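The two chains are supplied separately, each in an independent frame; assemble them into the complex guided by the hints.
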Amino acid sequence: MKQTPLKKIHEKAGARLVPFGGWNMPLQYRPILEEARKVRSEVGLFDLCHMGRFEVQGPGAEAFLQHCLTNDLTKIKKGLIRYALLCKEDGGVLDDVLVYHAADEEDRFFVVVNASNTEKDWNWFQEQKQSFDCELRDRTQELAMIALQGRNSAKVLQEITTLDLEGLGYYKWAPGKVLGFDAEISRTGYTGEDGFEIYFPVAKAEETWNALMEKGHPHGIWPIGLGARDTLRLEAGMSLYGHELTEDINPLEAGLQWAVKLGTDFIGRDALKKIKEEGPKRKLVGLKLEGKRVPRQGYPVLAGEETVGEVASGTYSPILEGNIATAFVPRDLDETREDLRVQIRNTQAKARVTPLPFYKRNY
Amino acid sequence: MAPTDRKYLKSHEWAKKNEDGSISVGITDVAVEHLSDLVFLDLPEVGKVLEKDQPFGEIESVKAVSELLSPVSGEVTKVHEDLADNLDLLSASPYEDGWMIQIKPSDETEWDQLLSAEEYEKIAHEE
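Protein chains in written order, with the numbering used here: chain A, 1 to 363; chain B, 1 to 127.
Just chain B, same shape as in the assembly (with noise of 0.2 Å):
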């Protein structure tokens, strides 16, 4: 189940404010289980500024490549640096030690045009 203590994008991106204002990313339970087999992670420098819905990263799986499309627009403040070379701290907690970057929000307004976990679950398993 994906935790209610975040948002999400329907491309399987959670979001979720941290105390200082920050907000760290990462991908889902769902998006993990399907891509299945990681064997590559691309994630972006600190510094770096990010626009809502574009990519921030690439993902890739035996099978496939997938873009990581950022919640919000702002700059990244904190890359999960060793992520990359464990992997498997994707499928064993992807949503608190496979998180992958933090972004200090430009436009506050975008958080409220996130998913809720609910709504975010209910696409997931349409599809």
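Next up, chain A with everything else stripped away, as it sits in the complex (with noise of 0.2 Å):
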């Protein structure tokens, strides 16, 4: 198992720690519902130590990113950042990722993996390169990563770093001095909220983390753990890979299609290109349900009678006071039906399809 940088100072903080994809990361350090509503009202500090972080350098690094990824790479100019799909030639996804294009040099890229997938992606990366003029550097665990979430993240961060965050737009990123020495920040998150990730060299990773804690207090800031992250994601209607995403699930499903660009030439581009056509079959959707009792993945939904899908994620919202869930649901499905169902376990709870996402920040 795979230890963050950060584990001695979440243990002194009271986190319970969990194995999450090889790595021992905080699961909770207080209540995950009072921890999201933490991060919804003022600001939390994440430690994402575990997320896979690759550099791709070299003439060819664009090329070859493009061979590999669904979003259009010539639309990714220097200092942006996008979200894309890493798939297979069937169109099933391998994992999705955020590519970084460097603000200052045209041919280095950094690409942002699930923990879960570290190992596959880059095993699959090392495949595709071939002839590709590139150098690929797994540097997940030289850099530290962690994450501001809220709406006082730019308070707090902006105390400790040269950077002038306000000049950073949403999806950019730039380096600049934090505490003094050299750190990446990006404009990103995992929350549906305004937010930065900081990405850093490792020696480094307790003191910015004490220096954010302390410079963040009287913003109200906590530290928020894995619990609460997979909640706010939802929240805000983001993919979890493993859930709304699997080698067997293709992005035009999933309701990302605006990340597959079928323009460009990419490992799978004919496979969804035929599924665009034929229309894929089956849809994601957003339910809201009543009663008190979660919905899980792989829990059958029903209209009427019929067993017609399957609950991919479900939370308890703190936002909306109700519990909630992405499901797989045929593409025609009529969304307006009034007799849809979740079952949980030996009951059933009624479900009204709603847009995703369930939360958006009005800031």
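Some clues are possibly wrong.
[To be verified] One-sided excerpt, in silico: chain A residues whose CB lies under 8 Å from chain B:
(1) Q28
(2) T231
(3) R233
(4) K292
(5) T315
(6) Y316
[Said to hold, decoys possible] Computed far set for chain A versus chain B, every beta-carbon distance over 10 Å:
(7) F20
(8) K77
(9) V112
(10) K172
(11) G176
(12) N210
(13) G242
(14) K283
(15) V308
Derived from the structure by calculation, the hints contain no laboratory data. As the structure is a computational prediction, the values presented were derived from the model and not from experiment. Ideal Cβ placement from N, Cα and C applies to all residues, glycine included.
Next up, the structure:
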């Protein structure tokens, strides 16, 4: 099991650490719902050192990434970040990633992948690299990654960085000094709030974490675990690999056509083109449920007496004060049906289709 | 600390003998803390016949569902009906106000198979 450089700090803060994607990570420091509310109302600090991070550098870097990823790399100008899928030939999703184009170099990119897929992605990239003129480096264990999320994030981070955060737009990143050392900061996140992700040498992890906790104190900062992160991302309608995405799910049925640019050439394009022409067989919908029981992955979705689909993710949503889920259902399912239900073990909960995301920030 | 006036299952249920011979059942503070963020509780109806170590209900938190196991065999004689709507009672007072059901035991010898507070504490803190 890999250990985050912040393990001691988490233990001291009373975190419950659990295995996640091969890492021992904080699930929670306080009740999960209180942590989720904290991020929605003020600001939270997340340890994301488990996320896989690859650097791709060289004259062939862009062409190589275009070969592997579904988004249009020519649109990812220097300093920009885009979401993309890594697909197999049949269009099934190997992983979902963020691609960062270096702010200062044409030929340098950074790819952030899911912890649980880091090894699989690395091997896949190695296999695909062939003649592309670029180098791949796994920087996961040499760089720390932490996130500040919530409406007060900019105020807190600005106290320890010289980078002008006001000038840093959403899904952009830039190098800057943090506590005097070199770091890179992106305006990204997985919570639906404004926020930042920060990448810097692992030796500075504790110092940076402590400084953010201290500067964040007047702004209400809490450390936040992976439990609340999952609740927040689901409220914000963001996919989680292993739930809304797997090798047996294609991006079009998962509602991610906006990240698939069929005019570019990438592995899986032909299959996805065909799926688009024929129309995907199923679709991902959001559900709001009645009752107190929490829908969970794999629970059947019923229309009348018939099982028509299954839950991908479910949680109690503190912002909506009710249970929510994402579910795969047939493409032609009438979303206005009033007889939809989710089978929750020995009971059934009434469900209504609701547009994704469940939550959108209003600032 | 687990009170010494009762016995335990390693799955974190407690059992306490009442003066009338019935046995009250609940879950320990360790269980409540571990579950965190409780959202739902399903308890049996009065009259239901339970078997030792078999589920008598379910408790659900944001991240997990756990079965509640019966420490002894017997018939349910009383159910804490208001508890499901007051799950805070479980964290505020897991050993008193947070009781879940009362059972009329059918096999007195089962009591001796349960863990003492000391034995339970040892197991609970090894986890």
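Now the hints, each set against the structure:
1. Q28: holds, 7 Å
2. T231: holds, 7 Å
3. R233: It is violated, given that the least Cβ distance between A/R233 and chain B is near 14 Å, above 8 Å.
4. K292: holds, 4 Å
5. T315: holds, 6 Å
6. Y316: Holds, about 5 Å.
7. F20: Answer for A/F20: holds, closest chain B Cβ roughly 12 Å.
8. K77: Nearest chain B Cβ is 40 Å from A/K77, so the label holds.
9. V112: holds, 25 Å
10. K172: holds, 33 Å
11. G176: holds, 36 Å
12. N210: holds, 26 Å
13. G242: Holds, since 15 Å exceeds 10 Å.
14. K283: Nearest chain B Cβ is 26 Å from A/K283, so the label holds.
15. V308: Given that every Cβ of chain B is farther than 10 Å from that of A/V308, nearest at about 23 Å, it holds.
Checked against the numbered hints listed earlier, the structure breaks hint 3 alone; every other hint is satisfied.
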